[in-house]
Amino acid sequence: MPGAPSFEKTTKLVGRALGMKPDELRAGFRAATRAHLPQILEIRRKILGERLAWDDERYLAWRYDFDGAGHSRGTCFVVVRNERVLGLVGAEHVRLTYDRDLVPSLLIMDIAVDPAIDGSGLGIWMDLALFDAHPVVLAIGANPNSVGLVEKLFHALPHRTHYVTPVRFTRFFQKRLGRERLATMLALPANVVVRAWRKLTRLRDRGLVLRKLTRFDASVEALFSRRAAPDEITFERTAATLNWRLFGNPRARYEVVGAYDGDTLVGYIASHRTARRDALREVGIADWLIDARHPKAFEALVLDVLRRAVRADMDLVHATPLLARSGPTLRRLGFRATKRTYNLVGVRVQEPERWPRLLDGAAWYLNEANTDRDGMA
Amino acid sequence: MTPIPTAAALQMMADALDEPVASVTPDRRRDSIAGWDSMGALALMAELDDRFGLQLTSDDSLKMTKVDDMLAYLRDRGALTD
Chain U
7 MPGAPSFEKT
17 TKLVGRALGM
27 KPDELRAGFR
37 AATRAHLPQI
47 LEIRRKILGE
57 RLAWDDERYL
67 AWRYDFDGAG
77 HSRGTCFVVV
87 RNERVLGLVG
97 AEHVRLTYDR
107 DLVPSLLIMD
117 IAVDPAIDGS
127 GLGIWMDLAL
137 FDAHPVVLAI
147 GANPNSVGLV
157 EKLFHALPHR
167 THYVTPVRFT
177 RFFQKRLGRE
187 RLATMLALPA
197 NVVVRAWRKL
207 TRLRDRGLVL
217 RKLTRFDASV
227 EALFSRRAAP
237 DEITFERTAA
247 TLNWRLFGNP
257 RARYEVVGAY
267 DGDTLVGYIA
277 SHRTARRDAL
287 REVGIADWLI
297 DARHPKAFEA
307 LVLDVLRRAV
317 RADMDLVHAT
327 PLLARSGPTL
337 RRLGFRATKR
347 TYNLVGVRVQ
357 EPERWPRLLD
367 GAAWYLNEAN
377 TDRDGMA
Chain A
86 MTPIPTAAAL
96 QMMADALDEP
106 VASVTPDRRR
116 DSIAGWDSMG
126 ALALMAELDD
136 RFGLQLTSDD
146 SLKMTKVDDM
156 LAYLRDRGAL
166 TD
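Protein sequences, first through last, are from chains U and A. Residue numbers for the first sequence follow this note's numbering, beginning at 7 and rising by one. Residue numbers for the second sequence follow this note's numbering, beginning at 86 and rising by one.
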C-alpha cells in the first residue's frame, strides 16, 4: 500500500498528535457502551449536519450492540481519552461463505472523528487497529471523505454495478426534459407500452407463488443451503440476522417477498422505497437469494418489485449488486447498468494465501443490504 | 538531521503522497493533489519523523494549503540545503 505507514508507526504518530502514549491509545480503543452514546451522537451531528435526517439515537441503538445483549451483530468501536470520545468506527460481524467454510469477517461502516482533532490520522489508525485484530475486513461503499482511505487501505474488488430502470415515465421525462407538457405527451405512450409488457411478463410467474414475508424462519436457512452458485463468496443468511437486518431497521422499511414452489421457499427479494433529492421516487432492491433449482424465481421476483413499484406510483427501480451473473437478467428486464464512484468494494485479508479467492472480484456476491445505506437515496 | 535539496524534498513528498513528482510543484495547491488526503498527510508525518526527527503536528499539517508551505516548514527547521 503506497504511503501507508505501519500500524506501529501510525500508533506512534497518532498518539503523539493526540498527546497520548502508544499504549494509552491502544487501551483507549474499545467497544462503545450505552454511556458513550451521547458523545457519539454529538460527533455524528457535527459531521453529518443537515444530512442527518433520521432519529440517529434509535438507528444507532438498533445498529450496534451497546449493551452486549446480542440483539445486533454490530459493534461501535470508540477511541476514548479521559472519558471523552475522540472518534468512532462502526462495524458489523459477518460470516463469509468460502468453499465449505464460513469465514468470520468484519464489515466496516461509519467512521467519524471529532472535527476538533481533524488531521490527527485517528480514522486511519482505527482502521489499522481493526485490521490488526480481524483476519478479514471489508469496506463496501464510501463517501467523498472516505473514498481515498478505502482505495489506499484495502484491496480493490470491482465496484458494485448500479442497475436502474424507469417504471413510470412522467416525472422521469419532466426531470430530463424540463418541459412538463412535452414530458407528459412522451410519457403517455411509454407508460402504456411498459405496463403492457409487464402484464405479459406475469406469465413467467407460472409455477411459483409469490407471498409477502413479515418474518423469516428456518426455511430461509434451507434456501441458503440450496442457493444458486454456492461457490460464490457471500454473507451468510440466517433467519435471525435477516429478521434483524430487514425487519427491525428503524431507518428503512423493507418489503420482502418470497417465491414458493408448493410449500418450499425457493427465493426471496427485499426492497424499500426512497425519495431522491431530485423528487423522483425510487425503489431500491436491497437483497435476494435464489434456489439453484429455480433460477427463474429471480426474474419473477424482480418483475414483482417492478409491478409493485408501478402500483405505488414510483418512478424508478434500482439494484446495486456485485454479481456479474445477475446482469443479463436485469438487462433483459429493462435495467440499464451504470458505474458509480462510491460503490467501491475493498477487502483486507491478513492471510491471503489461506483464502486467495477473497481477492478475486468475480468470486463475490454482495448486495445493497450488505451496506449501511438503509433508507438513503 | 541531514538536510536535503529542495528537489529531493519534492521527490520525498511525491513518494509519500503517491503522486508523480512532476505534479508536486511549489505552487500546487493541496486540495488539487488527490494523494494529499488524510492518508497522505499521515505518510508525510511519518516521513518527516523518520528522515529528520521532525514532529509535524496535525495543526501544522492542516495549515498547509500548498506544496510551498511544506517546503517553508522544512526550510525553517534547517531540513533544506537550498
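Simulated from the structure, these hints should not be mistaken for laboratory data. Any given hint could turn out to be false.
[What the hints assert, rightly or not] Below, in silico cross-link-like pairs of lysine-lysine (DSBU-like), each with a Cα-Cα straight-line distance of 30 Å or less:
no., chain 1, residue 1, chain 2, residue 2
1, A, LYS148, U, LYS27
2, A, LYS148, U, LYS18
3, A, LYS148, U, LYS302
[Claimed, not checked] Here are some chain A residues pointing at chain U (derived, C-beta under 7 Å):
no., residue
4, LEU95
5, MET130
6, GLY138
7, LEU139
8, SER143
9, ASP145
10, SER146
11, MET149
In this text, all values refer to a predicted model and were calculated from it rather than measured experimentally. Backbone N, C-alpha and C fix where the C-beta goes; we use that ideal spot for every residue, glycine too.
So, going through the hints one by one against the coordinates:
no.: 1; hint: A/LYS148 <-> U/LYS27; result: holds (24 Å)
no.: 2; hint: A/LYS148 <-> U/LYS18; result: holds (22 Å)
no.: 3; hint: A/LYS148 <-> U/LYS302; result: violated (59 Å)
no.: 4; hint: LEU95; result: violated (16 Å)
no.: 5; hint: MET130; result: holds (5 Å)
no.: 6; hint: GLY138; result: violated (12 Å)
no.: 7; hint: LEU139; result: violated (12 Å)
no.: 8; hint: SER143; result: holds (4 Å)
no.: 9; hint: ASP145; result: violated (9 Å)
no.: 10; hint: SER146; result: holds (5 Å)
no.: 11; hint: MET149; result: violated (10 Å)
Consistency with the previously given hints fails for numbers 3, 4, 6, 7, 9 and 11, ordered from lowest to highest.
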